[in-house]
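Participant: Note that the protein sequences, when read in sequence, are chains A and B. For the first sequence, position 92 matches number 92 in the UniProt record's numbering, and the numbering has no gaps at all. For the second sequence, position 84 matches number 84 in the UniProt record's numbering, and the numbering has no gaps at all.
Simulated from the structure, these hints should not be mistaken for laboratory data. A quick note: this is a predicted structure, and the numbers were derived from the prediction, not measured. It is possible that part of the hints are untrue.
In this list, chains with the same sequence are indistinguishable; a pair is considered to hold if it fits within one copy or across any two.
[Said to hold, decoys possible] Capping the alpha-carbon separation at 30 Å, the derived lysine-lysine pairs in DSS-like fashion look like this: (1) 177 / 380; (2) 212 / 380; (3) 84 / 95; (4) 189 / 84; (5) 458 / 2.
Protein chains: 2
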Amino acid sequence: MKRIVVIGGVAAGLKAASKARRCDPKAQITVVEKGELISYGACGMPYYVAGDVDNIQQLMMTPAGAVRNPAFFKNVKDIDVKTKTLATKINRERKTVTVKNLETGEEAELPYDKLVIATGASPVKPPLPGIELANIFQMWHPNDAKAVREGLERGKFSRAVIIGAGLVGIEMAEALKMWEIDVSVVEMKDQVFPAFLDQEIAGAVEKYAREKGIHIYTGEKVERFNGDGSVREVVTDKRVLPADLVILAIGVRPNVELAKDAGLQLGVTGAIAVNEHMQTSDPDIYAGGDCVENTNIITGRKVYAPMGSTANKHGRVIGENLCGAKAKFRGVLNTVVVKVMDLTVGKVGLTERDAKELGYEYVTALVAGHDRPHYMPGAKLMSLKIVVDANTRRVLGAQAFGEAEIAKRIDVIATAITLGGTVDDLFDIDLAYAPPFSSPIDNVAVAANAVMNKLVGKLKGISPLEAKEKLNCEDIVFLDVRVARRM
Amino acid sequence: MKRIVVIGGVAAGLKAASKARRCDPKAQITVVEKGELISYGACGMPYYVAGDVDNIQQLMMTPAGAVRNPAFFKNVKDIDVKTKTLATKINRERKTVTVKNLETGEEAELPYDKLVIATGASPVKPPLPGIELANIFQMWHPNDAKAVREGLERGKFSRAVIIGAGLVGIEMAEALKMWEIDVSVVEMKDQVFPAFLDQEIAGAVEKYAREKGIHIYTGEKVERFNGDGSVREVVTDKRVLPADLVILAIGVRPNVELAKDAGLQLGVTGAIAVNEHMQTSDPDIYAGGDCVENTNIITGRKVYAPMGSTANKHGRVIGENLCGAKAKFRGVLNTVVVKVMDLTVGKVGLTERDAKELGYEYVTALVAGHDRPHYMPGAKLMSLKIVVDANTRRVLGAQAFGEAEIAKRIDVIATAITLGGTVDDLFDIDLAYAPPFSSPIDNVAVAANAVMNKLVGKLKGISPLEAKEKLNCEDIVFLDVRVARRM
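Looking at chain A on its own, in the form it has when it is part of the complex (with noise of 0.2 Å):
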């Protein structure tokens, strides 16, 4: 009989089990986490801040109602989950884990045959002057997101500033807009989405956030929080803010201590490094989720990219592999999409500044247009822009950003890079097509004419930032050649 381990009960983690229970009717598997919750999606906690979600066990849930907790992977299952239950030594001569009971401080050796480390990733504390103040929360585990749903609840917070202007800072930063309390977002960079985001991009997102409300103050970094007991101002270098709520939002690490004092490798990214099989430097050991660095399927450089929907294909792939199989994951195209108040942000594979940076040469496109036939009711305007390597004519990545269906781009652009897809076959999908739901020739189809166009040299574009630029020369005459309404 097979005795699996797995350190960590969150997605790759209960995943893997799970996958492993479905292969092997017969392994003994357990699970170890050292918090009290399991399984839960850590993804919809700016939900059940923003209110959308009323209760925060929904997050623990099956689809059916059911609680994801031990008793429910027992019962069907058969899995021993072991919550409050640290891994603090891989001993992996002995082929064992060293866990400690968190309420009794019981100390036990679990044998396994096969481990998987799926110990997740924390949030960034940078050691600023009073960040041990009441009411500065990480956004990382759903006892943060009940904290501050009670606070807000209760009218105690009526000042919010995030830090970082990142995924969870402005998917924060929206959550609480909709208490209608003010926030503002403080981003060290120069742009929102700094990491996923070309500047113009993200200059229009950020046009769009203040104009519902939301403060945006990026370059410039934080430098202390005042407060009595509870934080009253974030200064930062720029300015002071008041504020009764902080939400730290810089970024997360992830948690290998574990795996690197087992001797295992970690990778140039500093997460733990593992072959397209999800195993570690030791044959016996997979890793995956939050944990692991992943592999960018276009450049193949290795990549720190946590995110739940990798840690589940992660689990998947592990679970199999338990099993004997030789499953592989492929990898990632640090795919992101992004909700802002009625905005989708989006993004696929390298930005026109990654495009660079390794050495592409490259013609990008920027469309804007309906997401439908302009007739529709509901059509709503949607920019898309497209990098594309000039040589090979290969799809690089994408940027989108409106009111409209982004996310339906986004991935028939991520499944064109998987493919190896040009910007000819982008061209050529035979999209799904009626008027309430694109146009005849999608957007897709609009932004690589574009290219093609630009590539055998019909057109010549320039940057919304060129454009401004030019436009504040005295010697630039802007000539707008669209067509008149009603001619």
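Chain A is fixed; fit chain B onto it per the hints.
Facilitator: This is chain B only, laid out in the frame that chain A set:
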């Protein structure tokens, strides 16, 4: 100076002309159109009838609000568009087209260097007794839509019968239901959407439409129309349906007479045969849009698949080639998406029935689930069926329905099929994930997983139709092993 003549001024024709103008600023480009209107969005007509679109003129406007009339094409693109002008003969030896002014009766001969045939299609009008009665419409020209809408506005119609449960038929059923009148659909085949849905999917769609108050009679043949000047009854082989409005939507046939008379080759489908450059059997004559046949990308077989999206692609390819390029049109996947009240139904590639008929060894999976985490407000159920080649593992097709975001999943699979993707690829794609848009494991990946499990023998399924059949047997025990709520 190159002379380009285009016969037909709706989608493919005007797209070809416009693209040719962009490539060749000097060419003399003439478009002849037998009707009064040009460049109209025929696909938008059901939404005009429904009242979603205020004015039929909107279907002929650019997004900026300019009407796409002959003056627009002359002023903006220097294209001569002659409306109410019928092309009566192509003289291939002299390289001229004989045209007739339908107002004056005047004839003329237009010389061409390159000719484009974009004569479109015409709705099939069955020679049934009573077919000439008033208030029996074909939904093919904006004038049809106008007449129906005006009648509805004046309260003239209270009982509509639609003949044909294909795209136009069902879109019109929805449109008419918006006016809260009695709507029936009569379909000769034994299911709705007989051309592109498998029976169990069609059954679910039918159930939904019935729940929304649309009467659906499948497997029924219309025999005659009774009335006194205006239609009063539709008589089928099974019943008599009172009706004061009838919509004929039993399909369209390509307008090929002109091409046939000129000795151009027709294809196996009866539509004009073209090569991958959209050239007819005469290399100086191109054809595109609803009058030509297409190649199915998966099977390589010729199909007749008139679609506005395809016509526009044809137009672009023809326009490029008119200027000496060698652009190719790859083919179609017979992709379809249609809205039925709040339900969306989509399809791409081969149905299971197609796969069976074509002799594929295939595996299917039909999975149901939410389109995003179930805890999110707005999460909707969707069912997705995929058909996969059991030998090559290549994806052959998909069908989906639900109140969820169906088009996105269909488009992802369309992209995968276009690029020769396998079921394994479907699992690998790094699709955009965030709770407002999708689950960490998207429905597409869930379906792919189910097929992968079936392919290795880990899962065996039966279709809803088989299940229903078994439920009718006395010696069958049906065991529901789903997890109960709040266990």
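Participant: Could you run down the list of hints and mark each one as holding or not?
Facilitator: Comparing the hints with the structure gives:
Within a single copy, residue 177 and residue 380 get their C-alpha atoms as close as 23 Å, and across copies as close as 25 Å, so both meet the 30 Å cut-off. Taking identical chains as interchangeable, the C-alpha atoms of residue 212 and residue 380 lie at most 30 Å apart whether they share a chain (17 Å) or sit on different chains (28 Å). In this assembly of identical chains, residue 84 and residue 95 lie within 30 Å of each other by CA distance solely inside one copy; the values are 22 Å within and 85 Å between copies. In this homomeric assembly, residue 189 and residue 84 never come within 30 Å of each other (Cα to Cα): the closest approach is 38 Å inside a single copy and 61 Å across copies.
For the homomeric pair residue 458 and residue 2, the shortest alpha-carbon distance between copies (19 Å) is at most 30 Å, but the shortest distance inside one copy (64 Å) is not.
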